[in-house]
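*Asks:* Sequence:
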Amino acid sequence: MVNWSELNEVASGTSGEALKSAASHFEKRNIQPRSLRPIVGTAVHGSALPRRTEMRPQLFEKVMSTSHVTPANESRFKTVFRVVSGNFLEMYDFMVYGYYASAIAKTYFPSGNEFASLMLALSVFGAGFLMRPVGAIVLGAYIDHHGRRKGLILTLALMAVGTACVALVPGYATIGVLAPVVVLGGRLLQGFSAGVELGGVSVYLSEIATKGNKGFYCSWQSGSQQVAVVFAALIGVIMNRLLPPDQMTAWGWRVPFLIGCLIVPFLFIIRRSLRETDEFLAKKHRPSMGEIARSIAQSWGVVLAGMGMVIMTTVSFYMITAYTPTFGKEVLKLSSIDALVVTVCVGLSNLVWLPLMGAVSDRVGRRPVLLVFTILTILTSYPVVQWLVADPSFVRLLMCELWLSFLYGSYNGAMVVALTEVMPADVRTTGFSMAYSLATTIGGFTPAISTYLIHATGNKAAPGLWMGLAAICGLIATLVLYRSPEARNQYKTA
444 MVNWSELNEV ASGTSGEALK SAASHFEKRN IQPRSLRPIV GTAVHGSALP
494 RRTEMRPQLF EKVMSTSHVT PANESRFKTV FRVVSGNFLE MYDFMVYGYY
544 ASAIAKTYFP SGNEFASLML ALSVFGAGFL MRPVGAIVLG AYIDHHGRRK
594 GLILTLALMA VGTACVALVP GYATIGVLAP VVVLGGRLLQ GFSAGVELGG
644 VSVYLSEIAT KGNKGFYCSW QSGSQQVAVV FAALIGVIMN RLLPPDQMTA
694 WGWRVPFLIG CLIVPFLFII RRSLRETDEF LAKKHRPSMG EIARSIAQSW
744 GVVLAGMGMV IMTTVSFYMI TAYTPTFGKE VLKLSSIDAL VVTVCVGLSN
794 LVWLPLMGAV SDRVGRRPVL LVFTILTILT SYPVVQWLVA DPSFVRLLMC
844 ELWLSFLYGS YNGAMVVALT EVMPADVRTT GFSMAYSLAT TIGGFTPAIS
894 TYLIHATGNK AAPGLWMGLA AICGLIATLV LYRSPEARNQ YKTA
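Residue numbering for the sequence shown follows the numbering used here, beginning at 444 and increasing consecutively.
Don't read these hints as lab results, they were simulated from the structure. Mixed in with the good hints there might be a few duds.
Below, in silico cross-link-like pairs of lysine-lysine (DSS-like), each with a Cα-Cα straight-line distance of 30 Å or less [what the hints assert, rightly or not]:
id: 1; residue 1: Lys-776; residue 2: Lys-593
id: 2; residue 1: Lys-593; residue 2: Lys-654
id: 3; residue 1: Lys-903; residue 2: Lys-549
id: 4; residue 1: Lys-772; residue 2: Lys-549
id: 5; residue 1: Lys-654; residue 2: Lys-772
id: 6; residue 1: Lys-776; residue 2: Lys-549
id: 7; residue 1: Lys-654; residue 2: Lys-521
id: 8; residue 1: Lys-772; residue 2: Lys-903
Each pair of labels, with its calculated beta carbon distance range [claimed, not checked]:
id: 9; residue 1: Arg-806; residue 2: Leu-845; range: 21 to 27 Å
id: 10; residue 1: Pro-835; residue 2: Lys-654; range: 46 to 52 Å
id: 11; residue 1: Pro-867; residue 2: Asn-556; range: 46 to 52 Å
id: 12; residue 1: Gln-741; residue 2: Pro-826; range: 39 to 45 Å
id: 13; residue 1: Trp-830; residue 2: Lys-654; range: 41 to 47 Å
id: 14; residue 1: Val-577; residue 2: Thr-653; range: 31 to 37 Å
id: 15; residue 1: Ala-740; residue 2: Glu-557; range: 29 to 35 Å
The structure displayed is predicted, hence computed values, not measured ones. Cβ coordinates follow ideal geometry from the N, Cα and C atoms, glycine included.
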């Protein structure tokens, strides 16, 4: 029976709880606006009813809208956790591959030349990034048309399949050339999925952010990656403690990949509970694939400038995380455990600086933060790496990496939200993902490029030059995107 005393309150607009109660009643009984016919009633809860009561369609719509739960009014923490869960898996898998590149090289790319074998393994690591632009276009357009939630579920499923390919395929000694082909296929599938994962997550976070806190919210896109860095490195430390080097090379390196496969069902369940963002639901026009392609073509200059901003992020990130274990072991001749412990510390450091500097950019603006830290990186990246290689030690590696972590985390805390702001709203996911994916085709090869530069020049500090060059790209892109006073004012704060 309808609670008419509450319905009277609905009509007068005085009770939010009444709205929810009435809405719930209507939904259960499938009552439509026009079905509320003249009713003759008696006193209910001491309130006399008029002989004729009818609810107008506009009022009914107001009632129904209050029962719709969206990311804007459910628990913010839970929503952020659900959104970044797939981002965690993507980065976890990438980190594990980078950590065990030497073992993967011996398993799938055996060669009489150790350098050639390692380069093949690192090239396959980078090959996944070549698929990112394709994923950005295809999956980005899918998300911009069908919704953020559906796209994020799809990317997680594709990522899981790619992870299983690397974890389960037998080695070269067992199935021959098919082994590296399957591994390459898995990496390409992961790259295809990751091409839009970062963009989808960043756009979702920017659209649910509270006013004045967009930088802080978006920083958790990268924050989830740091959790993956720490988790993967801790597993590496434990595995190296439990198994001798020969067993780690033979089969132990597969265990972290299998752990990634085991957490997929959990991540899939929590991501399925995501709700669509209010901003996407409010769109009156959902662009078609053709419209998205035309809009991206018209905004190509912004995409290229955004790519320049991201190059510094990807180069510095993969240098201080995925490449650190290989650099520490193969170049500095430190123990694997030392290099992995440093990587754990780097991940924790990143996790501090990213949200902190994202929040700072909400207060002082994106441009000042981006400019300060690109310039600092240009001036210090090579000298600090040169200082490290002059007398390699665990302490020096830790200090060097923590400084580079400070530069990366501070820059990226402002960069991610800046990239969501400069992209046109209708193609925000596609544009963001294109810029990010194009940049990762360069930054993703950082381990391979660094290894080659050291081999070709004989200079163990050469990776510092590569990072400095990436910072120059970031500086130029920032100046281009914020060259006009209008742009500086528009994107000063969230």
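*Asks:* Can you let me know if the beta-carbon spacing of Trp-830 and Lys-654 is within 41 to 47 Å?
*Replies:* Given a distance of about 44 Å, which is inside 41 to 47 Å, the answer is holds.
*Asks:* Determine whether the Cβ-Cβ distance between Gln-741 and Pro-826 falls within the hinted range of 39 to 45 Å.
*Replies:* 42 Å, holds
*Asks:* Please test the hint of 46 to 52 Å on the beta carbon pair from Pro-867 and Asn-556.
*Replies:* At roughly 49 Å between Cβ atoms, Asn-556 and Pro-867 fall inside 46 to 52 Å, so the hint holds.
*Asks:* Holds or violated: Lys-776 and Lys-549, Cα atoms, limit 30 Å.
*Replies:* Given that 30 Å is the threshold and the Cα spacing comes to 19 Å, the pair holds.
*Asks:* Would you check the hint for Lys-593 and Lys-654, treating anything up to 30 Å between C-alpha atoms as holding?
*Replies:* Roughly 26 Å separates the two Cα atoms, so the pair holds.
*Asks:* Please verify whether Lys-772 and Lys-549 have alpha carbons no more than 30 Å apart.
*Replies:* 16 Å, holds
*Asks:* For Pro-835 and Lys-654, compare the CB-CB distance with the range 46 to 52 Å and indicate the outcome.
*Replies:* 48 Å, holds
*Asks:* Below or equal to 30 Å on CA atoms is what counts here, so check Lys-654 against Lys-772.
*Replies:* At roughly 46 Å apart (the allowed maximum being 30 Å), Lys-772 and Lys-654 break the hint.
*Asks:* Assess, step by step, whether the Cα of Lys-772 is no farther than 30 Å from the Cα of Lys-903, and give holds or violated.
*Replies:* Since the Cα atoms of Lys-772 and Lys-903 sit roughly 13 Å apart, the hinted pair holds (cutoff 30 Å).
*Asks:* Is it true that the CA of Lys-654 sits at most 30 Å from the CA of Lys-521?
*Replies:* 19 Å, holds
*Asks:* Could you grab the alpha-carbon distance between Lys-776 and Lys-593 and see if it respects the 30 Å cut-off?
*Replies:* 46 Å, violated
*Asks:* Determine whether the Cβ-Cβ distance between Ala-740 and Glu-557 falls within the hinted range of 29 to 35 Å.
*Replies:* 46 Å, violated
Comparing the model with each numbered hint stated earlier shows that hints 1, 5, 15 do not hold.
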